[in-house]
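Chain S is fixed; fit chain V onto it per the hints.
There are 2 protein chains.
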Amino acid sequence: MIAGLLAASLLAQTADLKTSVSAWVDAHQKAIVGELLDALAIPNVAADTPNIRRNAEHLRAMLARHGFTPEILDTTGNPLVYGALNVPGATRTVLFYCHYDGQPVDPAKWNQPDPFTPVVRGEGREARIYARSASDDKAPIVALMAAVDALKASGLAPSSNIRVILDGEEEASSPSLVPAIARYKDKLRADLMIILDGPAHSSGRPTVVYGARGIVTVDLTVFGPKSGVHSGNYGNWMPNTALRLATLLASMKDDEGRVKVAGYYDTIVPLTAEERAMLDAVPDDSAKMLQVFGVAAPEAGFPKLQDAMQLPTLNIRGLASSFVGPGARTIIPDRATAAIDIRLVKETSGEDLVTKLSAHVEKQGYHLVQADPDDATRAKFGKLAALRLNGPIINAFRTSTSDPRARALVASVTRTFGQPPVQLRTLGGTVPIAPFIEALGFPALIVPTVNFDNNQHEENENLRIGTFLDSIVTIAAVLRM
Amino acid sequence: MIAGLLAASLLAQTADLKTSVSAWVDAHQKAIVGELLDALAIPNVAADTPNIRRNAEHLRAMLARHGFTPEILDTTGNPLVYGALNVPGATRTVLFYCHYDGQPVDPAKWNQPDPFTPVVRGEGREARIYARSASDDKAPIVALMAAVDALKASGLAPSSNIRVILDGEEEASSPSLVPAIARYKDKLRADLMIILDGPAHSSGRPTVVYGARGIVTVDLTVFGPKSGVHSGNYGNWMPNTALRLATLLASMKDDEGRVKVAGYYDTIVPLTAEERAMLDAVPDDSAKMLQVFGVAAPEAGFPKLQDAMQLPTLNIRGLASSFVGPGARTIIPDRATAAIDIRLVKETSGEDLVTKLSAHVEKQGYHLVQADPDDATRAKFGKLAALRLNGPIINAFRTSTSDPRARALVASVTRTFGQPPVQLRTLGGTVPIAPFIEALGFPALIVPTVNFDNNQHEENENLRIGTFLDSIVTIAAVLRM
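Line by line, the protein sequences give chains S and V. If you're matching positions, the first sequence starts at 1 in our numbering and goes up one per residue. If you're matching positions, the second sequence starts at 1001 in our numbering and goes up one per residue.
By construction, these hints were calculated from the structure, which means they are not laboratory data. Among the clues, some could well be false.
Below, computed lysine to aspartate or glutamate pairings styled on EDC-like, alpha-carbon distance capped at 20 angstroms [to be verified]:
no.: 1; chain 1: S; residue 1: Lys380; chain 2: V; residue 2: Asp1285
no.: 2; chain 1: V; residue 1: Lys1187; chain 2: V; residue 2: Asp1074
no.: 3; chain 1: S; residue 1: Lys383; chain 2: S; residue 2: Asp403
no.: 4; chain 1: V; residue 1: Lys1380; chain 2: S; residue 2: Glu256
no.: 5; chain 1: V; residue 1: Lys1363; chain 2: S; residue 2: Asp255
no.: 6; chain 1: V; residue 1: Lys1383; chain 2: V; residue 2: Asp1334
no.: 7; chain 1: S; residue 1: Lys363; chain 2: V; residue 2: Asp1254
no.: 8; chain 1: V; residue 1: Lys1226; chain 2: S; residue 2: Asp453
no.: 9; chain 1: S; residue 1: Lys383; chain 2: V; residue 2: Asp1254
no.: 10; chain 1: S; residue 1: Lys187; chain 2: S; residue 2: Glu256
no.: 11; chain 1: V; residue 1: Lys1226; chain 2: S; residue 2: Asp285
no.: 12; chain 1: S; residue 1: Lys383; chain 2: V; residue 2: Asp1255
no.: 13; chain 1: V; residue 1: Lys1288; chain 2: S; residue 2: Asp374
no.: 14; chain 1: S; residue 1: Lys380; chain 2: V; residue 2: Glu1275
no.: 15; chain 1: V; residue 1: Lys1288; chain 2: S; residue 2: Asp334
no.: 16; chain 1: S; residue 1: Lys288; chain 2: V; residue 2: Asp1334
no.: 17; chain 1: S; residue 1: Lys288; chain 2: V; residue 2: Glu1057
no.: 18; chain 1: V; residue 1: Lys1380; chain 2: S; residue 2: Glu458
no.: 19; chain 1: S; residue 1: Lys226; chain 2: V; residue 2: Asp1285
no.: 20; chain 1: V; residue 1: Lys1363; chain 2: S; residue 2: Asp74
no.: 21; chain 1: S; residue 1: Lys288; chain 2: V; residue 2: Asp1026
no.: 22; chain 1: V; residue 1: Lys1383; chain 2: S; residue 2: Asp74
no.: 23; chain 1: S; residue 1: Lys260; chain 2: V; residue 2: Asp1334
no.: 24; chain 1: V; residue 1: Lys1383; chain 2: S; residue 2: Asp255
no.: 25; chain 1: V; residue 1: Lys1363; chain 2: S; residue 2: Asp453
no.: 26; chain 1: V; residue 1: Lys1260; chain 2: S; residue 2: Asp255
no.: 27; chain 1: S; residue 1: Lys383; chain 2: V; residue 2: Glu1256
no.: 28; chain 1: S; residue 1: Lys363; chain 2: V; residue 2: Asp1255
no.: 29; chain 1: S; residue 1: Lys226; chain 2: V; residue 2: Glu1458
no.: 30; chain 1: V; residue 1: Lys1226; chain 2: S; residue 2: Glu458
no.: 31; chain 1: S; residue 1: Lys363; chain 2: V; residue 2: Glu1256
no.: 32; chain 1: V; residue 1: Lys1380; chain 2: V; residue 2: Glu1362
no.: 33; chain 1: S; residue 1: Lys226; chain 2: V; residue 2: Glu1126
no.: 34; chain 1: V; residue 1: Lys1383; chain 2: S; residue 2: Asp254
no.: 35; chain 1: V; residue 1: Lys1288; chain 2: S; residue 2: Asp403
Residues from chain S that keep clear of chain V, each with C-beta distances beyond 10 angstroms, as calculated [to be verified]:
no.: 36; residue: Lys30
no.: 37; residue: Lys187
no.: 38; residue: Asn236
no.: 39; residue: Ala262
no.: 40; residue: Asp280
Glycine included, C-beta positions come from ideal geometry on N, C-alpha and C.
Chain S on its own, in the form it takes in the complex (with noise of 0.2 angstroms):
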């Protein structure tokens, strides 16, 4: 009975969030939308400083606008903006991320005459910006900035203090992010971190990522010959370099795509109950995105997307020995690569895997290098190959999906729009920031917001408005958590 009272209360509270922060948007559209407009009018490619230092100008006096007290952190790149906005009585201090740099443009491409002039096309909540950045990241920025606005005309006050962090080197892999940390140590101390950025769940409803993958990257170098030999002349009696890499590779995995290499899954943990029903509860729509893809069937061992980024993988990203096509030549090749990508969860390390697949390729019969063979190493192994690292390893991130934070976010989200979140454990990809993570030492959760056909990173990407309109009111949810 009492538990039935409280949740009439909460839905209650619920409707009256959703519907006058909706409201309250519905009457600045216009002026919300032109504020995005604004602030993508500013080329914002990361090697471009001094249009980065006019962005980060322009972000500090949006923050002040919006009851930020705002700071231009300089960093040995470029420069953080900071705001702060402490809230009475608050116990929590929630930290935001956003990034306002976006990848380099190549204008030639564009349906509009320069990526930094937004074009409006479409009407109404169907009408989309194209800019760069305009969903990437610029637009989870200026809904931040209305979301506190519209708590503030709905008499409501965010649950927990505000910390913005707007990073102007994100599509460069973030460098100054990590060393910024001692500096400003202070300033960035929180509870929380809620990252705003990336596209929302392809459902279009509220979405709560609970971590990413990491990754690390190997080439996988088979040696033959020291030059490439005449395949009739020695065809058959020389062993196939590129064959030998084939049943390597082939050796890896099962018929259904998992990872043979020994103790490869050692580490993971078994799911939750809960943790099980939330994969199952995504709403992904595997028929529509094999059509798309052009694809029959997913793996056999992999039915089930969510359950696949559970796992880490061990995925062939490039295949090459001597020449295919025209300059193709009848040898036995010299060398035969893979270049791979192991995509690491919260459970691995990158290091342990290396370490595993070195191992099977040891037990598969070759003697591992470091760099070329000399003369005497080729003489005395019958089997050589190399696994070489490229740069470094990223960790996977996860916030537990049992976190008392977390639980509050989706509490909060939920009572707001009727319905939980899309909640997503593990992102496939990879998230550059996920060094920062690991070295400010508190949890953190993604808010993904855009519309999922943005174009994030290519020509033309874009902004569904209709999406940003609403992103407002699950970002307002999140303040009020």
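The following block gives chain V in isolation, referenced to the frame of chain S:
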């Protein structure tokens, strides 16, 4: 007793032929080498029609000078140069084939200003002539002329009527050769063709080759999603295209390098004891070859090079899928291709092996397409691949080692040198004029005579003088078969 006397008599005859031809060659060395240097001074790239014509005229004059009735035979391409020399009482006609065109040149890569201005470096028998076609294939033409002269000077006649055909398009795959047969049938009629081309065995001993492998090349492509998809967003769920190709390729051979495609070796006929002995007698220096190539051991299933040449191959000559190296992207590739060459032996048909390979691919669950699959095909089949033929199939050829004409030739060389020549049952590589041999319909043998390290087809092609002079004795022995 009689056998002993006969052997002694043959040995005397042997010593006679070798001694008298060698003495004549020694006495005329300057003139012989001069004749070759003159021939090398005429550029002979097949596409250089005016100079090809100059070569043809020059060779016609050379044939006339050495007692042949010469003729230039026009074709749809470059002219053939033809010569006939009848021997009173001869019951057999032997057709010698050489070619007078050479590979294109890149003078900047040569250690001399002009590949068509021959340079001699070194002293005595170790001296070498550097020029395009020095070895491939003008030297054998001049050596044949010298051998005819040397026999004549020794009071000996060739044991057969001689026909000579000099091809002007061999390095351009001899497109006009087979069509010319119908027009010049009578002139080309013979009992045996002897091809004077290519390097002698690396031991430097006289060499007789009974056949050569043919070739067919195919591209095997496995199709994945329509375009590369994000390896994070879809990794594990989306089947990996490159791994599928690797698994398919791995299924084609066992761990020792033998082809597992059903029926691949079905048409192979076991070696006779004589053939077995012949293969075992080839003085291949495997250890040296492995050292040069930088490989510790040959394929376990083919420990002996000559054995490896008696079976068809299945060689992956190239692999390609998306990118490896700096351009690598974290995607699941849209396609993966293996470029394959299959070397054929006399007992195998190219069509048959490709059909068996196709059946093998289908047996692994693939639906085979010819063109890139359309949406309906993509939706219907879980595994899609294409196996596409490149260019024409060139058949193998092989003359039986028990053919009486082959036995007569080998016996004559054995008598002359006091030991049998190196006999190669099957060259591993492919002879471009195999279709010509096939169309003529009588047996062919290759008597390759130049130094194995002649840099054929490359810059700084050369001819070792000692090997060249010895080849005149070998050819004289062939003329006396």
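Discussion item. Tell me if the straight-line CA distance from Lys380(S) to Asp1285(V) falls inside 20 angstroms.
Written reply: It holds: about 18 angstroms lies between the C-alpha atoms, which stays within 20 angstroms.
Item to complete: Below or equal to 20 angstroms on CA atoms is what counts here, so check Lys1383(V) against Asp74(S).
Response: Roughly 54 angstroms between the alpha carbons, so the hint for Lys1383(V) and Asp74(S) is violated.
Discussion item. So if I understand the rule, the pair passes when the alpha-carbon distance is 20 angstroms or less; does Lys363(S) with Asp1255(V) pass?
Written reply: 14 angstroms, holds
Fill in: Cβ separation check - Lys30(S) to all of chain V, threshold 10 angstroms
35 angstroms, holds
Item to complete: With 10 angstroms as the threshold, tell me whether Lys187(S) passes as away from chain V on beta-carbon distances.
Response: 31 angstroms, holds
Discussion item. Can you confirm whether the C-alpha distance between Lys383(S) and Asp1254(V) stays at or below 20 angstroms?
Written reply: Cα-Cα ~16 angstroms, so holds.
Worksheet item: Within 20 angstroms, alpha carbon to alpha carbon, are Lys1363(V) and Asp255(S)?
Response: 14 angstroms, holds
Discussion item. Does Glu1256(V) sit within 20 angstroms of Lys363(S), going by the straight-line distance between their CA atoms?
Written reply: It holds: about 17 angstroms lies between the C-alpha atoms, which stays within 20 angstroms.
Discussion item. Does Glu1256(V) sit within 20 angstroms of Lys383(S), going by the straight-line distance between their CA atoms?
Written reply: Measuring from Cα to Cα gives roughly 13 angstroms; hence the hint holds.
Worksheet item: Between Lys1288(V) and Asp334(S), does the CA-CA distance stay at or below 20 angstroms?
Response: OK: Lys1288(V) and Asp334(S) at ~18 angstroms, within 20 angstroms.
Worksheet item: Is Lys363(S) close enough to Asp1254(V), meaning Cα to Cα at most 20 angstroms?
Response: 17 angstroms, holds
Fill in: 20 angstroms Cα cutoff - pair Lys1380(V), Glu458(S)
Outside the cut-off at roughly 31 angstroms; violated.
Violated hints, listed in ascending order, are 3, 10, 14, 17, 18, 20, 21, 22, 23, 25, 33, 35, 38; each of the other numbered hints is respected by the structure.
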